[in-house]
Every structure is written in C-alpha cells, then in structure tokens.
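Going down the list, the protein sequences come from chains R and G. Under my numbering, the residue at position 106 of the first sequence is numbered 106, and the numbers go up by one with no gaps. Under my numbering, the residue at position 121 of the second sequence is numbered 121, and the numbers go up by one with no gaps.
It is possible that some hints are incorrect.
To be verified - Anything over 12 Å on all C-beta distances counts as not near chain G; from chain R, calculated:
#, residue
1, H60
2, M61
3, R65
4, A72
5, E125
Unchecked claim - With a cut-off of at most 20 Å between alpha-carbon atoms, the simulated EDC-like pairs for lysine to aspartate or glutamate come out as follows:
#, chain 1, residue 1, chain 2, residue 2
6, R, K69, R, E21
7, R, K58, R, D45
8, R, K150, R, D45
9, R, K150, G, D50
10, R, K93, R, D57
11, R, K112, R, E86
12, R, K98, R, D57
13, R, K55, G, D126
14, R, K18, G, D50
15, R, K18, R, D5
16, R, K55, R, E10
17, R, K48, G, D126
18, R, K19, R, E86
19, R, K48, R, D5
20, R, K55, G, E6
Since the hints were made in silico from the structure, they are not lab data. Just so it is clear, CB atoms sit at the ideal spot from N, CA and C, and this is done for glycine as well.
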Amino acid sequence: MHCHDPECKEACPVNAIKKFEEGPVLIDVNRCIGCKFCVDACPFDVPKFNPATGKVDKCHMCFDRVPNKEPACVQTCPTGALLFGERQTMIQKAMERKAQLNGYIYGDVDNKPLGGTSFIYVLKEKPSVYGLPNVGSTISPATSVLRHSKWLLIPAALGGLMYLASWRQRRIKEKEE
Amino acid sequence: MTEDKEVPTKKYPPEFTITNITKGMVRTSRVDFLFHLLMAILLITGLVIDLLGPWLGGSLLVIRSVAHGYVGVLFIIVFIVYILRIASSKKMKMVLTQTNTVDFAFYIILIVTGVMVAAANAPWIDILPGLAAAISPIGAYTQAIHVSLTYIWVLISLLTPSGLLHGFACTYLIVHFRRNKNKSEKR
C-alpha cells in the first residue's frame, strides 16, 4: 500500500524498510534478517515471508521502471482499472470518480490509514465490503510497544546500579564492623 | 625391587577458576548448565538483534536464524527436560524459590511467543503448515509480547534479586574469588 507512515518500517529492527518521498516503501533485501516483524505489523497483510530465501518481500512500485515507464501492473491491466501518476492528480481523479459512482475513497480523502496510502481505491460500496481493514491514522499500540520497549533498559540499568551501590555500602559497613 | 608409584595430588579446595566452575557445573548437572548457557545465548543474541540491528543490518541474519532460532529450539527441549527434572526431584523442589517460579512463567510465555513468531519459518512451515496461518491474526501481539517481556524480565530481574542479578552475582563471585586467590598466592 506504500503508506505515508508505514507500520512495517516501525516494526523492522534492522531498518531494512525505507519510505521514499516519491511514495514507495521498499525493503532492502540485503539488510532483511527475515524476522517477519513487518509481516505481522502490516494491517494490510502486504509484506510476504519467503521460507525459501528466509527473507521478506513486497511490491516495490516498479521503482526500476518509473518514471520512464508505468509500473508493470498498471501497464498490463486489461481493463485499465489501475492509474498511475502524481498524488494530487490521482486524488483529483479519484474524487471525480467517487462523485460519478456516489461511492467511497479508501487510502485518502475519506480516511487516511497510516497517514494515507499511495494506493488509493475508489469503491462503489463501503471498504469493509471489499475486505479492506479499518486502520487508524497512526501505528498500532502493539508496534509501538515493539519499537519502544527497549527504553526499559534505562530504568533497568539505573536500578541495577542502585542495587550495586547499596550492596557496596553494605559490604563496606560490614568490613568496618 | 618396588617401584615408587606417583600418586596424583589434588588440591583441596579446588582452584576457583571459571574453567573449574564450568567443569563443576557440568559435573553437578548437565541439564542445569545447558539451560543457563542456552538462556544466556538467547538473551544476548536477542538483545544484539534489537539494539544493534540498525547498525549491523543483514549480517544479523545468521544470528537471528541460527543463534537465536535453532538455539531457541534446543533451549525448549532442554527447558522441558529441566522442568521434568525439577518436578521429579524433591531436592530440586526444596531449593526452588518464588523468583524461580516467576522466572519459569516468564520463560514459558517467551517460549510460546517465540514459537509463534518462528512458525512461518522453514522447516516449521513445512512440518506444521496450519500453525502459521492459525496464529497470523495475533502475530503483531506475539512479537510485541516476546520483545517487551524480555525487557520487562531484564528490568524486574535487576530491580529484585533474581534472574539477571543472580547471574551477575555468580560471575562476580567467580572473578572476585579468583582475584583474591591470586593476591593471597603472591603474598
């Protein structure tokens, strides 16, 4: 989905996932350690773990074709259901189509899952009818815990040092006695 | 003619060195030694992945898959044997403290969540293909629990005299006694 604030990027412990200004969210396969934290963090179930390679893969928005060519899926779609272009232009087109269909926009305008996605769907029915998840605009508490729990090491280290200091004082007192 | 036989001399008490301590631990209980060794490996590799991941990147693949993954499987087997030993031994039960019991509860949760995280990996996905699919809806929570609980365990075991502090204390005693022994020998 190439989200604006990708949850998979937050979950990755080795910073193998990068968000580019142009839109794509890419996985650096050389950095990936196959922990699958991104697979489970993504609410859209986009990254897929490959047991054969032991690494995770996902759509890379054909970054090696763009901007000279359109992404392969857009070029090959037989019904022309996919469009590719500048974000604002695409949003404008989506809003026009939404008005025609009296439908819904998923990914931006109506709701912005994870800050808005680079894939924007124009739907006739509500997004839930198509199995699209209801995702909040910020990362989930589980990923937040995963990302920030390492800070517990600070009170742990402080507690350990305090314990060590009190134990040392006790030892000195015992020796004096 | 009688030949003088050389009688091997043994020092008592034995030298307080890391080698002797390790030998002693192995001799006392192989399972106990393995349990602590594997736990230390898993804790260190887990912390390395989470804390040094942004710097070490892809080089951690082997550590994640072998030193944390396969060693984890070995740890589960040793842990089961260890628990069975404790359950079947009156002596072991007598020395079991409340903190040990709490520690075991921590380990069980870490083992369960660790298995759930690893379920989609080869070869487990081939052996139990349904497991990964069954637990995928709660996948994000299992990882969060696995990682955060480790840090909570580190925190608790440093604030109360258990787990990690117990390990540090044992290491300190070994090093400290060794240093004292060296000093007394010099005198």
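Here is how each hint holds up against the structure:
no. : hint           : verdict
1   : H60            : holds, 17 Å
2   : M61            : holds, 22 Å
3   : R65            : holds, 25 Å
4   : A72            : holds, 27 Å
5   : E125           : holds, 24 Å
6   : R:K69 - R:E21  : holds, 19 Å
7   : R:K58 - R:D45  : holds, 10 Å
8   : R:K150 - R:D45 : violated, 26 Å
9   : R:K150 - G:D50 : holds, 8 Å
10  : R:K93 - R:D57  : violated, 30 Å
11  : R:K112 - R:E86 : holds, 17 Å
12  : R:K98 - R:D57  : violated, 32 Å
13  : R:K55 - G:D126 : holds, 16 Å
14  : R:K18 - G:D50  : holds, 18 Å
15  : R:K18 - R:D5   : holds, 10 Å
16  : R:K55 - R:E10  : holds, 17 Å
17  : R:K48 - G:D126 : holds, 16 Å
18  : R:K19 - R:E86  : holds, 16 Å
19  : R:K48 - R:D5   : holds, 19 Å
20  : R:K55 - G:E6   : violated, 62 Å
Of the numbered hints given earlier, the model fails hints 8, 10, 12 and 20; all others are met.
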